[in-house]
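Trainee: So the sequence lines, in the order shown, correspond to chains E and U.
Take 1 as the starting number for the first sequence in our numbering and just add one per residue.
Take 1001 as the starting number for the second sequence in our numbering and just add one per residue.
Everything labelled a hint here was simulated from the structure, so no lab data went into it.
For glycine and all other residues, C-beta sits at the position ideal for the given N, C-alpha and C.
Careful: at least some of the hints might be erroneous.
Said to hold, decoys possible - For lysine to aspartate or glutamate, the following DMTMM-like pairs were computed, each having C-alpha atoms within a straight-line distance of at most 20 Å:
{"hint": "1", "chain 1": "E", "residue 1": "K102", "chain 2": "U", "residue 2": "E1364"}
{"hint": "2", "chain 1": "U", "residue 1": "K1374", "chain 2": "U", "residue 2": "E1448"}
{"hint": "3", "chain 1": "U", "residue 1": "K1152", "chain 2": "E", "residue 2": "D96"}
{"hint": "4", "chain 1": "U", "residue 1": "K1152", "chain 2": "E", "residue 2": "E98"}
Claimed, not checked - Anything over 10 Å on all C-beta distances counts as not near chain U; from chain E, calculated:
{"hint": "5", "residue": "M1"}
{"hint": "6", "residue": "I13"}
{"hint": "7", "residue": "L58"}
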Amino acid sequence: MITLNHYLVVSGILFSLGLAGVIARRNILIIYMCLEMMLSAGNLALVAFSRFRVTDGLPDYTAQSLVFFTITVAAAEVAVGLAIIVALFRTKQSVDVEAVTKLQG
Amino acid sequence: MSVFTIEAFLAILGLVLLMIEAFAPDISRRTLAALSIGGTALALVLFFTVASHETSSLPAFVQPWMKLDSLAIFYKGLSLVITLLVLWLMHECAPYLSKYTVDGRLSELFSLPLIVCAGMMWMAAATDLVTVFVALELVTVSFYVLVAFARKSNLALEAGVKYLILGALSTGILVFGIAWIYGATGSLSFEGISAALAKPETSKVPALLGAAFLLAGLGFKVAAAPFQSWVPDVYQGAPIPVTTFLSVGSKAAGFVVLTRTVEALIGEHSIIGPEVKALLLVLGALTVLLGSLPAIFQQSVKRLLGYSSISHAGYLILALACGDSIRTGMTSGGIVAFYLATYLPMTVLAFLVLAVLRVNGQGEDIRDFRGLGKRSPLLALALTLALASLAGLPLTAGFMGKLFVFFSLVDHAYWGALVCATIGAAAGFYYYFRAIVAIYSTEGSSNEPLKLNIASKVGATVLAVVIVVLGVYPKPLQHTLTKPVEVAAKASAH
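Working from the sequences, and respecting the hints, build out all of it.
Mentor: Okay, structure coming up:
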């Protein structure tokens, strides 16, 4: 039997993997993929919490409606984000974090 | 007509302007600017006529997710004013900005702020984390484009990438936080969360986890620790009007959401109230120090204003952590709103002077200010007022806001945070006055007078007058903000 805890553990692992990737990786595209993974972790937790909160035999759908919004927002974010990363690649011929270290105090 | 119609009008106008540029590329920049500035001005006028009616309410289909209390109306007005000022600033900067864009086109620069404004106005009224999330992302995603807008400039592009990565990180953290808050309380509305947290059977650890992630995610938007590191870089790299918009608009919208979130989290009998308060105090004190101390060593004025923006966010978070203050008779939400209202003229004025220098081919370093006293006495005086007000000199707008924060810290006897805030304020006097000294030094500067158009002169004068008036006579503003507080208190008591 899969319980709420199983889902939450998977979601926690996804979140930590994403965060570790953001901190440790040097390639901006991979960092961006890790960020999407963190969003998915949040979505998974939302859906799981929503499914296991049963009232009158029906799950509570409030949080699941939020998931539709986060998926849509993530798509918009990727569209804008990739455009900016492509523009960066065109000027610098690189998507390494080393390419964005000019702004310093 | 309701306030919601005005917001929808702004968003649609933004889309229409974008379409006009796409299908009629020959349209002149002046026409686009006129349409967008005119549309926002119209929205502002309509807003004041609608909002003054007691009966103004929201259409039925948005009522479950939005409410129109006085705090919401105040922040909606603030969003409209800052958007109008930013659009005007964009128009002033257009000649130099168009050098950094492909084909010199600037259409998104005049349409995106309208969409951002609609998003900020929705954030001000949101009573539900779903609405907060969608409106917040509308603002954030539009800002990704605005920050990286001058993409022929390497610095702007770099600022855009940094803002994108950290913004997306904060979104991920925010969603994770919302998930755990929902898991602990079973609700996504602020009212429901507050009610569930008051029950002793609600489990504490998931609620605390969710609250910590939620506050961290929102902290990014208002430039608070631990996500403050993007601020100086992005402020330096982004075009000046966008920096202005970020530092006032984005911050104000973030703070109205933060005010409502904190109210829900530390409401009466909240099982996680003391922990959240302690977390906010630590974050606030840390933000003040991380903003004030590095600012001492900055040479670029844009970076300096970035660090100053961080430290101001710190004071506001400290105010939120305190809750109601008996000495001033204001709630934390009222103090934050007052502080942001005084923060608007001084920040816009400082960036306006930077923009004028930029249009005249000058840089953004403190040494570029040298001789400003001779080259344009009006701008020099205005900038002096703005910087003195940012430092919190008595009789300027910035003083009262800081005073309220200090009062409420004393009220609640948070001595540690008070010490940090005092250190921050003292450091502030040093770094703002270093810039003021540069304005009036004549060593190694050109004596050529600055070219100023009428609009900049009028704008600088009006903003400077507002700073002095708010500083000398803050009572009317304080009164308009004491009322929303009572309404909010009554609403939460029921």
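Trainee: A separate judgement is required for each hint: does it hold in the structure or not?
Mentor: Hints and how they fare:
no., hint, in the structure
1, E/K102 / U/E1364, "16 Å, holds"
2, U/K1374 / U/E1448, "9 Å, holds"
3, U/K1152 / E/D96, "19 Å, holds"
4, U/K1152 / E/E98, "19 Å, holds"
5, M1, "19 Å, holds"
6, I13, "13 Å, holds"
7, L58, "14 Å, holds"
In this structure, every one of the numbered hints holds.
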